[in-house]
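Those sequence lines, one after another, are chains A, B and C.
All residue numbers for the first sequence refer to the working numbering, where the first residue is 1 and numbers rise by one.
All residue numbers for the second sequence refer to the working numbering, where the first residue is 1 and numbers rise by one.
All residue numbers for the third sequence refer to the working numbering, where the first residue is 1 and numbers rise by one.
By construction, these hints were calculated from the structure, which means they are not laboratory data.
Worth double-checking, as some hints may not be accurate.
What the hints assert, rightly or not - Okay, derived cross-link-like pairs now, DSSO-like style, lysine-lysine, Cα gap no bigger than 30 Å in a straight line: (1) C:Lys120 / B:Lys257; (2) C:Lys127 / B:Lys256; (3) B:Lys256 / C:Lys29; (4) A:Lys49 / A:Lys171; (5) C:Lys29 / B:Lys10; (6) A:Lys77 / A:Lys34; (7) B:Lys10 / C:Lys127; (8) C:Lys51 / A:Lys58; (9) A:Lys58 / A:Lys171; (10) A:Lys214 / A:Lys182; (11) A:Lys49 / A:Lys78; (12) A:Lys77 / C:Lys74.
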Amino acid sequence: MPTDSQTRAKIVVNNLTKRFGDLTVLDGINFTIKEGELLAIVGPTGCGKTTFLNCISKLMPATEGDILIDGEEANPKKHNISYVFQEPTCLPWRTVRENVAYGMEIKGVPREERIERADRIMELVGLKSCADLYPNQVSASMMQRIAVSRAFAVNPDLLLMDEPYGQLDVKLRFYLEDELVKIWQKLNATVLFVTHNVEEAVYIAERVLILSNKPTHIKAEIPINLPRPRDTISPEFVELRKQVTELIRWW
Amino acid sequence: MAYKEVVVKKPLLLIILPYASLILFFGLWQAVVQFGIIPNTLLASPSQVLTTFIDKLTNANPDGATMGAHAWTSIQEAFLGYLLSLVIGIPLGLAMGWFNIAEGLFRPIFELIRPIPPIAWIPLTVFWFGIGLAGKVFIIWIAGIVPCVINSYVGVRMTSPVLIQMARTYGASSWQIFTQLCIPSALPMVFGALQLALAYCWTNLVAAELLAADSGLGFLITMGGRLGRPDIIVLGMICVGISGAIIGFVIDQVEKKLLAGIRR
Amino acid sequence: MAGNSIANETVNQSRNREPFSLRRFLTNKYFLYCVSICLFLSLWDYVAREKIFRDSLARPLEVWDQLVLLTQIKFAGTHLWGHIWASLQRVLIGFVLASIVAIPLGLFMALNRYVNAIVKPLFDLFKPMPPIAWVSIAILWFGIGETSKVFIIIIGTFVPCLLNAYNGVRLVDPDLYDVIRVLGGSRRDEIIHVCFPASFPAIFAGLQISLSSAWTCVLAAELMNSRDGMGFLIKRGMDTHQPTLVLGGMILIAAAAYGTSLIVSLAERRLCPWQRTIDNL
Numbered sequence: 001m002p003t004d005s006q007t008r009a010k011i012v013v014n015n016l017t018k019r020f021g022d023l024t025v026l027d028g029i030n031f032t033i034k035e036g037e038l039l040a041i042v043g044p045t046g047c048g049k050t051t052f053l054n055c056i057s058k059l060m061p062a063t064e065g066d067i068l069i070d071g072e073e074a075n076p077k078k079h080n081i082s083y084v085f086q087e088p089t090c091l092p093w094r095t096v097r098e099n100v101a102y103g104m105e106i107k108g109v110p111r112e113e114r115i116e117r118a119d120r121i122m123e124l125v126g127l128k129s130c131a132d133l134y135p136n137q138v139s140a141s142m143m144q145r146i147a148v149s150r151a152f153a154v155n156p157d158l159l160l161m162d163e164p165y166g167q168l169d170v171k172l173r174f175y176l177e178d179e180l181v182k183i184w185q186k187l188n189a190t191v192l193f194v195t196h197n198v199e200e201a202v203y204i205a206e207r208v209l210i211l212s213n214k215p216t217h218i219k220a221e222i223p224i225n226l227p228r229p230r231d232t233i234s235p236e237f238v239e240l241r242k243q244v245t246e247l248i249r250w251w
Numbered sequence: 001m002a003y004k005e006v007v008v009k010k011p012l013l014l015i016i017l018p019y020a021s022l023i024l025f026f027g028l029w030q031a032v033v034q035f036g037i038i039p040n041t042l043l044a045s046p047s048q049v050l051t052t053f054i055d056k057l058t059n060a061n062p063d064g065a066t067m068g069a070h071a072w073t074s075i076q077e078a079f080l081g082y083l084l085s086l087v088i089g090i091p092l093g094l095a096m097g098w099f100n101i102a103e104g105l106f107r108p109i110f111e112l113i114r115p116i117p118p119i120a121w122i123p124l125t126v127f128w129f130g131i132g133l134a135g136k137v138f139i140i141w142i143a144g145i146v147p148c149v150i151n152s153y154v155g156v157r158m159t160s161p162v163l164i165q166m167a168r169t170y171g172a173s174s175w176q177i178f179t180q181l182c183i184p185s186a187l188p189m190v191f192g193a194l195q196l197a198l199a200y201c202w203t204n205l206v207a208a209e210l211l212a213a214d215s216g217l218g219f220l221i222t223m224g225g226r227l228g229r230p231d232i233i234v235l236g237m238i239c240v241g242i243s244g245a246i247i248g249f250v251i252d253q254v255e256k257k258l259l260a261g262i263r264r
Numbered sequence: 001m002a003g004n005s006i007a008n009e010t011v012n013q014s015r016n017r018e019p020f021s022l023r024r025f026l027t028n029k030y031f032l033y034c035v036s037i038c039l040f041l042s043l044w045d046y047v048a049r050e051k052i053f054r055d056s057l058a059r060p061l062e063v064w065d066q067l068v069l070l071t072q073i074k075f076a077g078t079h080l081w082g083h084i085w086a087s088l089q090r091v092l093i094g095f096v097l098a099s100i101v102a103i104p105l106g107l108f109m110a111l112n113r114y115v116n117a118i119v120k121p122l123f124d125l126f127k128p129m130p131p132i133a134w135v136s137i138a139i140l141w142f143g144i145g146e147t148s149k150v151f152i153i154i155i156g157t158f159v160p161c162l163l164n165a166y167n168g169v170r171l172v173d174p175d176l177y178d179v180i181r182v183l184g185g186s187r188r189d190e191i192i193h194v195c196f197p198a199s200f201p202a203i204f205a206g207l208q209i210s211l212s213s214a215w216t217c218v219l220a221a222e223l224m225n226s227r228d229g230m231g232f233l234i235k236r237g238m239d240t241h242q243p244t245l246v247l248g249g250m251i252l253i254a255a256a257a258y259g260t261s262l263i264v265s266l267a268e269r270r271l272c273p274w275q276r277t278i279d280n281l
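One chain only, chain A, in its complex shape:
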């Protein structure tokens, strides 16, 4: 375990368990996320990734275990938790800028600061040119960028991402992943990125957790210490990707 002094554990998950009736979906999950870390979680299809995220974000009460942020029990009203969903979540009746500012609005950030911060983030992700358009006037990839910007704009304690780029084509996905890494480095956010795409996980994360089939627990943990920007055809990358893939396959 890394015990360096400059990066402390921001998020601690202790024995997270979720049961629906007799069905155990999550079975005693323990892990920590360091401050400013980008952690990816991969797992086979149907391993309860969404349940996992819903428990962490407190959308769903966990049966057992607790989730601590800075040593306190996580609470969406107190902590800044952001969640980027698989499908684009834009409010169709707000402009792009208002959408980006929506999270801050709920958090009660004053108006001027809201606009200033939204503009700064939009600059970063290249949404500046369509700030005054409505979501139905922009493309699907733009919609997902809006959600990502909104999530970063609240300066989240924890940013959860649920396969945000799953529905995009390969080229666009790499582009947006690069962009995500760029914002993450700039804003020093703590990110938990869930995906079923091994390459994506290895490409962006600093550390990859591999989940098992149901009842889900953590099967392995692999640190990715490759320099950025990463080269997807370098031998080290391919080796790591292969290693993760081997761990996921159940056949």
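Got chain A sorted already, so can you dock chains B and C onto it with the hints?
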């Protein structure tokens, strides 16, 4: 590069047929009465109806009021009842869609009252309010509130669950989600209710006036029936139809403006 | 947090194993339904007992007694069941006659533009006229017998049936036709395998609207003039100032309207099981 206009040639017959059909209809109607195939005591010809209309514009006989006065009474009643049903029905439906307590308390009563045809209330309203304005406004209110509540309720229920989850992860309160997400996303359905409620109001207004009134377009029809004057009956029916169509058109325009206003 | 049940389906599954709490019991939907009904009845009872509307509102129990009494004695020549049947019969005759003409005509209008060009303008002319406005002229034409009542019901049910059949066909997803065309189907195949099934839900929606319109019409006709039927009970109650009779008639007609609409929705579920329903409305 200029776009080439795509011209779909409509057969001439298709353009003529609608007019031909209308002309034939009115011609037949006129002929049937004119040549006595249907006796004049049962049906008035279009020309007679027109004459009666012009006469009724200034003449209060035989039913006690001029055309304008009848129309004004009806429109007044319809709008009061309509506005009341909007003011009460829409907030109620929205609240029922989101808050469990509102749904639990109002849904059963609503479901009990809904299948009663509004005109079944006429006797009770006559007992309670007499045959004046209040009774009719009550009936119209009952008629108009049903589509308002249903549409607003369904509109809120159709709010995308992902949007709600998104807001909730940011720590939004129930009230914030209701006002910021549910109401805007229910708006198109609510606008749909405006039209629907108006149609209901108008139909039931006529019924209310047929049974218990001393003026109004429905009353004009009843009087025509009592006096055995088919020209007055047909005139009343046509006026009801035309005013209904005009009000519907106005609401349609208002709706378009409003929807353009919130730019969805 | 009060309520909000949309995003909580998954939560509700696990909720039933949480420990019992008074607050949760008090906000339980079914508990609230009971509270609501009880409140409604007691408010009604209170208003009637305190004579807020003088003697023009009957207490719920009095209404119930009146209905029970009507099943035992003959009122205006027939039992309660006779009155119910009289109204039901009129509704059924009018409803069936109108729908067997209106639905095919609506389909025809949507499929053939020449038929459409002839019928549509006439239809648009009659559409904005409330069916009840026909009552007077129907009495003038057909007297006060059965014919005039059935006529009004036909007028009232015709429009929604036709309109929905017409829109049902016109709003069929064009991609569905391509499926048949790609398989080499003829125009006939398109109509039989795509048009008709795809317009079914709209037709049923039209039938539901027609049915509620039919009940309104039969009531209006019976209120104007009749010797039996549920509308007659209400009218008699109005003329003799008996709120019990009026309220009893209202309850009966509501129950009848509800029952028939239930039958139509059951038929719909049987005939188009692939139709998804929004909630339970």
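field: Hint consistency between Lys51 (chain C) and Lys58 (chain A) [alpha-carbon to alpha-carbon, up to 30 Å]
entry: Distance of about 54 Å is beyond 30 Å: violated.
- prompt: Does Lys127 (chain C) pair with Lys256 (chain B) here, judged by a C-alpha cut-off of 30 Å?
  reply: Holds, at roughly 22 Å.
- prompt: Are the Cα positions of Lys29 (chain C) and Lys10 (chain B) separated by 30 Å at most?
  reply: 58 Å, violated
query: Holds or violated: are the alpha carbons of Lys256 (chain B) and Lys29 (chain C) at most 30 Å from each other?
result: Violated: Lys256 (chain B) and Lys29 (chain C) sit about 38 Å apart, past 30 Å.
- request: Please work out if Lys10 (chain B) and Lys127 (chain C) have their alpha carbons no farther apart than 30 Å.
  value: With a Cα-Cα distance of about 26 Å, the restraint between Lys10 (chain B) and Lys127 (chain C) holds, given a limit of 30 Å.
- request: Decide if the proposed pair is consistent with the structure: Lys77 (chain A) and Lys34 (chain A), CA atoms, cutoff 30 Å inclusive.
  value: 22 Å, holds
query: Would the pair Lys77 (chain A) and Lys74 (chain C) pass a check requiring their Cα atoms to be no farther apart than 30 Å?
result: 68 Å, violated
- prompt: Quick one, are Lys214 (chain A) and Lys182 (chain A) close enough, alpha carbons at most 30 Å?
  reply: 34 Å, violated
task: Take a quick look at whether Lys49 (chain A) and Lys78 (chain A) sit within 30 Å of each other, Cα to Cα.
output: Distance ~24 Å between Lys49 (chain A) and Lys78 (chain A) Cα, so the pair holds.
message: For a C-alpha distance cap of 30 Å, please report whether Lys120 (chain C) and Lys257 (chain B) respect it.
response: Roughly 28 Å separates the two Cα atoms, so the pair holds.
Given hint Lys171 (chain A) paired with Lys49 (chain A) - CA-CA distance at most 30 Å: 25 Å, holds
query: Quick one, are Lys58 (chain A) and Lys171 (chain A) close enough, alpha carbons at most 30 Å?
result: 34 Å, violated
Violated hints, in rising order: 3, 5, 8, 9, 10, 12; the structure is consistent with all others.
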